[in-house]
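A.B. asks: Line order of the protein sequences matches chains A and B.
The first sequence lines up with residues 1 to 131 when you count with my numbering.
The second sequence lines up with residues 1001 to 1421 when you count with my numbering.
Some hints here could point you the wrong way.
To be verified - Keeping only pairs whose Cα atoms sit at most 25 angstroms apart, straight-line, the calculated PhoX-like set for lysine-lysine is:
1) A:Lys12 <-> B:Lys1414
2) A:Lys73 <-> A:Lys12
3) B:Lys1382 <-> A:Lys38
4) A:Lys38 <-> B:Lys1378
5) B:Lys1285 <-> B:Lys1204
6) B:Lys1190 <-> A:Lys65
7) A:Lys38 <-> B:Lys1399
8) B:Lys1414 <-> B:Lys1399
9) B:Lys1392 <-> A:Lys38
10) B:Lys1392 <-> A:Lys12
11) A:Lys38 <-> B:Lys1285
12) A:Lys12 <-> B:Lys1399
13) B:Lys1399 <-> A:Lys65
Claimed, not checked - A short, non-exhaustive set of chain B residues, derived as facing chain A with CB atoms under 7 angstroms:
14) Arg1318
15) Val1360
16) Ala1362
17) Phe1365
18) Asp1367
19) Glu1368
20) Ile1369
21) Arg1394
22) Leu1395
23) Val1396
24) Glu1397
25) Pro1398
Derived from the structure by calculation, the hints contain no laboratory data.
Every residue gets a Cβ at the ideal spot worked out from N, C-alpha and C, and that includes glycine.
If you want the building blocks of each chain, they are given just below.
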Amino acid sequence: MMQLSIFLENEKGRLAYALNLLAEFNVNIQALSLADTKDYGVLRIIVANPEEVAQQLREHNCVVKLTPVWVLKVPDSSGGLAGVLDKLVNEGVIVEYLYAYVEKANEQAQVVLRVRDTAIMQAAMDKLKLE
Amino acid sequence: MSQEELLKGLRRTVEQALKAPYYKRKLTEVGIHYPADIHTMEDFRRIPLTEKEDLRRNYPFGLFAEPMEKIVRVHASSGTTGKPTVVGYTREDIKLWAAIVAKHLTRAGVTSDDVIHIAYGYGLFTGGMGLHGGSEELGALTIPVSGGNTQRQLMIMKDFGSTVLCCTPSYALYLAESLEEAGISKDELKLRVGVFGAEPWTDKMRDEIEARLGLQALDIYGLSETMGPGVSMECLKCNGLHIDEHFYPEILDENGNVLPEGQSGELVLTSLGKMGFPGLRYRTKDLTRISYGSCVCGHTGWTMRRISGRVDDMLIIRGVNVFPSQIEEAILSVGGIEPHYFIIVDRENNLDTIEVLVEVNAQSFTDEIRELEQLQEKLQSKIEDITGISVKVRLVEPKSIPRSEGKAKRVEDKRKEKIFQ
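Working from the sequences, and respecting the hints, build out all of it.
C.D. replies: What follows is the structure in structure tokens.
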């Protein structure tokens, strides 16, 4: 899965501007996370067709990046995420960041995961038969 | 000084300059082969201007007019690239410099009974050593504290009973603030006169320094290419900076034409009586205006106004010369960065700050904050390596820095707004 990241200056209205652009393109945001620092932020979103949206955003002078991420289903119960992470850590996966959301159709808890080494993650996924 | 005396002095400087191969070539090109070829001021004005670039091209000692065995000291200031511009002094030059500074100090009411606290940097920069020589010449107690270590400065000021403070005006304010923080009242100090220079400042700042340190703040001007601090300084009347008689000032418009008295333009200086580094029609790039007259302090001659700005875009940050081109060079050396940047100079807690806005582009953008921060740090350390000052880099969105046709406006100096409003 490709995640779409957008660079935002930490200025009044910048986030609203980016979200309005997405609305204009009729993009439905499935999941969203905002990383912020003192001077700037990075808006990370999961959308249906990231390549297409990225292109549209570039045409509007946005700096965007497509980053490979994994979307994992996790049990919606106490310790659900911890259990999944433990398994991944045992396989040598290093998590850079993650954020959680609930998939609407099935009320399924999911996490978006960005890892340092995608090859290790892929191997772990295959071995653990996670989806 | 009569016209005849002035011409005599200028001829001596020309005679000295002719000893340096560079000047000899330049002067020969305009038909000046001997000092006697300068009959009138018009002849003198045929002499090409000397620029900082000329010093750089002749780095390090190419413009010295005396053999190296006669040169007893060098000073240097930073230039547009890594190489500094170097000037040399003979033993006589050093004595002359001390005498000039001592004379200024005397007009500022400073005597051999004073305790002169010199918090200008000592080193290649002329500030520390320049004031030091004048202070010793005067016979005052000289404290060569140099810059930095503010707490020690406060201790020494208090314990040694410093009466005269010499430093940059921004450092004076910083010291004032530090005093207040340390709970030391200005009444516990004996400060009465401040000799502040090496960066632009204003009357508003003067008022503040005077109120907070309880002294009379005076402006001093100078540049290494002409000598160092002491080219001019205010007397206690504070009605302009009296130019010492060993310097002949001209004010030029942007086309190099000499402007009449009272008009504002670039200050060009020629030294009278210096040996090691004669300094013939040196372009200071500083903007001011000059007038001729007498002052109650005893000075008769030229007086210049406070520097109102710079001809080029050189920035003086905490006393260090910084050029936007250096910052550009640093940014571009990192790779994958747009050549669009914007420099914001400000003053926080009375210290100059510099912030560089750099546009993020598709190539440099990554969605991990850690990597963006690394990019920021890399840019900061590159700029620091090249300019020698620490800066803050702020990453901004593409196309957010205004573009302009022709000469780009790359610098916003908020200090000026604060000072000149």
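A.B. asks: Confirm or reject each hint.
C.D. replies: Structure-based check of each hint:
For a cut-off of 25 angstroms, the pair hint linking Lys12 (chain A) to Lys1414 (chain B) stands: about 22 angstroms separates their Cα positions. The straight-line distance between the Cα atoms of Lys73 (chain A) and Lys12 (chain A) is roughly 35 angstroms, outside the 25 angstroms bound, and the hint therefore fails. A hinted pair counts as satisfied when its Cα atoms are at most 25 angstroms apart, and Lys1382 (chain B) with Lys38 (chain A) qualifies at roughly 21 angstroms. The hinted pair formed by Lys38 (chain A) and Lys1378 (chain B) meets the criterion: a straight-line CA distance of about 18 angstroms does not exceed 25 angstroms.
Distance restraint check for Lys1285 (chain B) and Lys1204 (chain B): the Cα-Cα separation of roughly 24 angstroms lies within the 25 angstroms cut-off, and the hinted pair is therefore satisfied. Among the hinted pairs, Lys1190 (chain B) with Lys65 (chain A) is inconsistent with the structure: their alpha-carbon atoms are about 62 angstroms apart, more than 25 angstroms. Between Lys38 (chain A) and Lys1399 (chain B), the direct Cα distance comes to roughly 20 angstroms. Compliance with the 25 angstroms bound is thereby established for this hinted pair. For the suggested pair Lys1414 (chain B) and Lys1399 (chain B), the alpha carbons sit about 22 angstroms apart, so the restraint of at most 25 angstroms is met.
A distance of roughly 12 angstroms separates the Cα atoms of Lys1392 (chain B) and Lys38 (chain A); the hinted pair therefore holds under the 25 angstroms criterion. Pair hint Lys1392 (chain B) plus Lys12 (chain A) holds up; C-alpha atoms about 21 angstroms apart against a cutoff of 25 angstroms. For the suggested pair Lys38 (chain A) and Lys1285 (chain B), the alpha carbons sit about 38 angstroms apart, so the restraint of at most 25 angstroms is broken. At most 25 angstroms may separate the alpha-carbon atoms for a hinted pair to count; Lys12 (chain A) and Lys1399 (chain B) meet this at roughly 17 angstroms.
As the CA atoms of Lys1399 (chain B) and Lys65 (chain A) are separated by approximately 17 angstroms, the hinted pair is consistent with the 25 angstroms bound. Because the smallest distance between the Cβ of Arg1318 (chain B) and any Cβ of chain A comes to about 23 angstroms, over 7 angstroms, the interface hint for this residue is violated. Hint status for Val1360 (chain B) relative to chain A: holds, with the closest Cβ pair at about 5 angstroms, below 7 angstroms. The criterion of a C-beta within 7 angstroms of any C-beta in chain A is met by Ala1362 (chain B), whose closest approach is roughly 6 angstroms, and the hint holds.
Checking Phe1365 (chain B) against chain A by beta carbon gives a least distance of about 5 angstroms; that is within 7 angstroms, so the hint holds. The interface hint given for Asp1367 (chain B) is met, as the beta carbon of that residue sits about 3 angstroms from the closest beta carbon of chain A, less than 7 angstroms. Restraint check, Glu1368 (chain B) versus chain A: the minimum CB separation of about 6 angstroms is within 7 angstroms; hint holds. The closest approach between the C-beta of Ile1369 (chain B) and any C-beta of chain A is roughly 5 angstroms, which is under the 7 angstroms cut-off, so the hint is satisfied.
Proximity of Arg1394 (chain B) to chain A holds as hinted, the smallest CB-CB distance being about 5 angstroms (cut-off 7 angstroms). Given hint, Leu1395 (chain B) at the interface with chain A, holds; its Cβ is 5 angstroms from that chain's nearest Cβ, closer than 7 angstroms. Given the 7 angstroms rule on beta carbons, the hint for Val1396 (chain B) holds: about 5 angstroms separates it from the nearest Cβ of chain A. Given the 7 angstroms rule on beta carbons, the hint for Glu1397 (chain B) holds: about 5 angstroms separates it from the nearest Cβ of chain A.
A hinted interface residue such as Pro1398 (chain B) counts as satisfied when its beta carbon comes closer than 7 angstroms to some beta carbon of chain A; here the least separation is about 6 angstroms, so the hint holds.
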